[in-house]
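Let chain A serve as the given structure and place chains B and C on it in line with the hints.
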Amino acid sequence: MIPDEASSASGTPDTASHTSTKVVLEREHFDRLFEALRRRNYAIVGPTVQDGSIVYDELNSSLDLPCGWTDRQKAGTYRLEKGEDDLLFGYTPGAHSWKEFLMPSAVRLWRAERDGTGFNIVPDEDAAPTLAFIGVRPCELRAIAIQDKVFLQSGYVDPIYRSRRRKAVLVAVNCGQAGGTCFCTSMGTGPKADEGFDLVLTEMLDDSRHYFTIEAGSSAGTEILEELSLRTPTDVEARAAGRVCERAAAQMGCRMETDGLKELLSRNQESPHWDTVATRCLSCANCTLVCPTCFCTTVEDTTDLTGDHAERWRKWDSCFTLDFSYIHGGSVRSSTQSRYRQWITHKLSTWSDQFGTPGCVGCGRCITWCPVAIDITEEVRALRASESARKAADPGKENDDSA
Amino acid sequence: MLPHRHRVRHVGKETSDTFTLELTPTEGTRAWSFAAGQFNMLYVFGVGEIPVSISGDPGKPGTFVHTTRAVGMVSNAMRKLRRGDVVGVRGPFGRGWPVGDAKGSDVVLVAGGIGLAPLRPALYQLLANRESYGKIVLLYGTRTPADILYRKELERWRARLDVDVQVTVDRATGRWLGNVGVVPSLIAKASFDRLNTVAMICGPEIMMRYTALALGKRGVPAEHIHISMERNMKCAVGFCGHCQFGGHVICKDGPVFSYDQMKGLLTTREI
Amino acid sequence: MTVHDLKPILAEHPFLKDLSSGHLDLLVGCASNVRFEAGQFVFREGEEANAFYVIRQGRVAVEVFSAAKGQITIETVGEGEILGWSWLVPPYYWHFDARATELTRAVVLDGKCLRTKCEQDHELGYGLLQRFASILMQRLEATRLQLLDVYDTRA
Numbered sequence: 001m002i003p004d005e006a007s008s009a010s011g012t013p014d015t016a017s018h019t020s021t022k023v024v025l026e027r028e029h030f031d032r033l034f035e036a037l038r039r040r041n042y043a044i045v046g047p048t049v050q051d052g053s054i055v056y057d058e059l060n061s062s063l064d065l066p067c068g069w070t071d072r073q074k075a076g077t078y079r080l081e082k083g084e085d086d087l088l089f090g091y092t093p094g095a096h097s098w099k100e101f102l103m104p105s106a107v108r109l110w111r112a113e114r115d116g117t118g119f120n121i122v123p124d125e126d127a128a129p130t131l132a133f134i135g136v137r138p139c140e141l142r143a144i145a146i147q148d149k150v151f152l153q154s155g156y157v158d159p160i161y162r163s164r165r166r167k168a169v170l171v172a173v174n175c176g177q178a179g180g181t182c183f184c185t186s187m188g189t190g191p192k193a194d195e196g197f198d199l200v201l202t203e204m205l206d207d208s209r210h211y212f213t214i215e216a217g218s219s220a221g222t223e224i225l226e227e228l229s230l231r232t233p234t235d236v237e238a239r240a241a242g243r244v245c246e247r248a249a250a251q252m253g254c255r256m257e258t259d260g261l262k263e264l265l266s267r268n269q270e271s272p273h274w275d276t277v278a279t280r281c282l283s284c285a286n287c288t289l290v291c292p293t294c295f296c297t298t299v300e301d302t303t304d305l306t307g308d309h310a311e312r313w314r315k316w317d318s319c320f321t322l323d324f325s326y327i328h329g330g331s332v333r334s335s336t337q338s339r340y341r342q343w344i345t346h347k348l349s350t351w352s353d354q355f356g357t358p359g360c361v362g363c364g365r366c367i368t369w370c371p372v373a374i375d376i377t378e379e380v381r382a383l384r385a386s387e388s389a390r391k392a393a394d395p396g397k398e399n400d401d402s403a
Numbered sequence: 001m002l003p004h005r006h007r008v009r010h011v012g013k014e015t016s017d018t019f020t021l022e023l024t025p026t027e028g029t030r031a032w033s034f035a036a037g038q039f040n041m042l043y044v045f046g047v048g049e050i051p052v053s054i055s056g057d058p059g060k061p062g063t064f065v066h067t068t069r070a071v072g073m074v075s076n077a078m079r080k081l082r083r084g085d086v087v088g089v090r091g092p093f094g095r096g097w098p099v100g101d102a103k104g105s106d107v108v109l110v111a112g113g114i115g116l117a118p119l120r121p122a123l124y125q126l127l128a129n130r131e132s133y134g135k136i137v138l139l140y141g142t143r144t145p146a147d148i149l150y151r152k153e154l155e156r157w158r159a160r161l162d163v164d165v166q167v168t169v170d171r172a173t174g175r176w177l178g179n180v181g182v183v184p185s186l187i188a189k190a191s192f193d194r195l196n197t198v199a200m201i202c203g204p205e206i207m208m209r210y211t212a213l214a215l216g217k218r219g220v221p222a223e224h225i226h227i228s229m230e231r232n233m234k235c236a237v238g239f240c241g242h243c244q245f246g247g248h249v250i251c252k253d254g255p256v257f258s259y260d261q262m263k264g265l266l267t268t269r270e271i
Numbered sequence: 001m002t003v004h005d006l007k008p009i010l011a012e013h014p015f016l017k018d019l020s021s022g023h024l025d026l027l028v029g030c031a032s033n034v035r036f037e038a039g040q041f042v043f044r045e046g047e048e049a050n051a052f053y054v055i056r057q058g059r060v061a062v063e064v065f066s067a068a069k070g071q072i073t074i075e076t077v078g079e080g081e082i083l084g085w086s087w088l089v090p091p092y093y094w095h096f097d098a099r100a101t102e103l104t105r106a107v108v109l110d111g112k113c114l115r116t117k118c119e120q121d122h123e124l125g126y127g128l129l130q131r132f133a134s135i136l137m138q139r140l141e142a143t144r145l146q147l148l149d150v151y152d153t154r155a
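In the order they appear, the protein sequences are chains A, B and C.
Number 2 in this note's numbering belongs to position 2 of the first sequence; there are no gaps in the numbering.
Number 91 in this note's numbering belongs to position 91 of the second sequence; there are no gaps in the numbering.
Number 76 in this note's numbering belongs to position 76 of the third sequence; there are no gaps in the numbering.
The shape of chain A in the complex, shown without the other chains:
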């Protein structure tokens, strides 16, 4: 459900002031949630273990969830590990993000058929699947909201994103633990989900019980809970659920110093620090691929061998590639430092000018999945330090780096 839209997919007007329904679901009944979603014709996608990590893929039942699995993440490192308990959601997000489903990595825009003197364009029917996302983290909810701003509220509307987004139901999960590269608290995006979900789960596990409290965040969510017909939480249960995120908040692996961040970057376009990070950065584009808000794409026009059928495809792209900025004769950003600078400046500074908030949600994926362990929070620190050092060395000189 898109919070700002006047009517939900099920046709019921979504008012901002509905009272939120809260229920308790025992672990052994978890599949009832799956069944309720399936009855509404949702295909369910969510976390599952594959090839040594947790990815988002289609789920048949709660058995496909990464029960008992956890991960160890730090800059440049991801290890899937067996957890100490049987939590269903005891992990931190892996490389996948929900943008796989909302803005697919490859999608055909239209076909064209040669026709005598010219050609005809054949638009593709809207084949957007109806999906329920299970296990959306608060940072991911915020990432989706950020992409909503980009694709739905910035002038033009992307019909592919809109169609998928409208049909999607978001079942979020509050975080009970934080990962080695998480910094959602710095960015104000978690570890507790405030809004943007249809349902949000909080997983509770102690010696005697394993259960979930579920809260509805939209009329579609409320409908599902009403159908599940579960009891409301007791005061004890509600209080315990409220404390789950405290542990996560205290465990953050990284911290972004956000003070004056936008201005720091725009002042330091000519900082010598960019040369330093460029000695490490491979411009491999991993960070942009795993980032849940990065949205750059390219288009490819192809024909088949007969030359009578053409297609236009939209595919993910990255500002780190050399030809991303190519114009007649050369690329504008041919050096690695200019491309790294572009990415981090857009993410943390100019994104705010364009879309009203920073583009970073503090999920830490770019830190984990960088093959040379570049940490965006450390880069900000280093940029600040570099600026201070230059000011200290030459206090009389006006800091004119962005003249």
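FYI, nobody ran anything at the bench for these hints, they're computed from the structure.
You may find that some hints are simply not true.
[What the hints assert, rightly or not] Derived lysine-lysine pairs resembling BS3-like cross-links, with alpha carbons at most 30 Å apart:
#, chain 1, residue 1, chain 2, residue 2
1, A, 262, B, 263
2, C, 17, B, 217
3, B, 13, C, 69
4, B, 252, A, 167
5, B, 189, C, 7
6, B, 252, A, 262
7, A, 391, B, 263
8, A, 149, B, 263
9, B, 252, A, 315
10, B, 80, B, 152
11, C, 69, B, 152
12, A, 315, B, 80
13, C, 17, B, 135
14, C, 17, B, 189
15, B, 152, B, 13
16, C, 7, B, 217
17, C, 17, C, 7
18, A, 149, B, 252
19, B, 252, B, 60
Then chains B and C, alone, in the frame of chain A:
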């Protein structure tokens, strides 16, 4: 956004590497209007799509005129099109020249090379409402006399009594008896009210930068100087990220920008 | 036109603006009117350079000729502009041809005469050198832009 089919009415050579395409909507496609300075995305079947400025008369909607250089795969394929061929058109996109805002002022148009093509619609509009403007000055520079674009039209405009047209080339052989020198050098000699002038510059980035500097030296405020920026473009609707320039997105916030918006960016390398 | 009539013409020229009346008189003492028909050479490469020209009307092309490239116009100098600086620096000879492309009227200033006066009056010398430095800077900047060949898109 789907391309709308347009038929090629005419393909004409302008200079050795420049040509003009005239497109009319096919049956079922409505004609639409455009603002001077906007561009279309033109698609050649199976080859690809490129952004090309519209260089026709905004007062004559219904035909899209595009002058462009044949420098890549798509533009070279476009050059080989024949009358009757079909081209896909998406657009018009972008923010155009402030022709309306310039009413009551002198207007200085400075074009370099192919840059005259996106400025021509502005000149058509200015001339169509001539009495709304003060002095109109057109300064045009290009590489050699053989590269002069729209030569006959330039001569016609020059012959008018109410437009000041100066042309220069970077280099020439003896047969050329006109100006030889760079475009910014024409600024010092042009006559306009520096405090009440709107300047519109289009051409290679270096040329625009130095022209803007020359205008600034003459005392034209930066917010009255406008340039047309160019970057790699794929979607033209602000989603693909390719045309990001500083915090601006050229396909939506531009391609026309005021010089004071651009100042820091133009001198930052690789931005 | 008498020599005295040249003083107001030189005085109002932007290049000589703010020169003292006394200095203007010194310049006028070295000045005379000159006229070139279309196609006529103003000076030739290799000739002694003992003058500079304040163009009042018309256009002069600064040219270079070689067997391989034929004749190339490097730049044109028009109304209100200054032509010629080789008189300033030894060995005082022209490095290029200059030819009027249309009927051109100019005030020519005798370089030898001026050099002597500048030696005697260093303030005059400094004032002229300042002005010529400014022209040289403009020409150099323009030449660099020409070298950049900004209109050429071949990679």
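Now for the hints, and whether the structure bears them out:
no.: 1; hint: A:262 / B:263; in the structure: holds (19 Å)
no.: 2; hint: C:17 / B:217; in the structure: holds (18 Å)
no.: 3; hint: B:13 / C:69; in the structure: holds (27 Å)
no.: 4; hint: B:252 / A:167; in the structure: holds (28 Å)
no.: 5; hint: B:189 / C:7; in the structure: holds (23 Å)
no.: 6; hint: B:252 / A:262; in the structure: holds (22 Å)
no.: 7; hint: A:391 / B:263; in the structure: holds (24 Å)
no.: 8; hint: A:149 / B:263; in the structure: holds (28 Å)
no.: 9; hint: B:252 / A:315; in the structure: holds (21 Å)
no.: 10; hint: B:80 / B:152; in the structure: holds (24 Å)
no.: 11; hint: C:69 / B:152; in the structure: holds (28 Å)
no.: 12; hint: A:315 / B:80; in the structure: holds (29 Å)
no.: 13; hint: C:17 / B:135; in the structure: holds (27 Å)
no.: 14; hint: C:17 / B:189; in the structure: holds (16 Å)
no.: 15; hint: B:152 / B:13; in the structure: holds (13 Å)
no.: 16; hint: C:7 / B:217; in the structure: holds (28 Å)
no.: 17; hint: C:17 / C:7; in the structure: holds (12 Å)
no.: 18; hint: A:149 / B:252; in the structure: holds (16 Å)
no.: 19; hint: B:252 / B:60; in the structure: holds (24 Å)
Taken one by one, the earlier hints all hold for this structure without exception.
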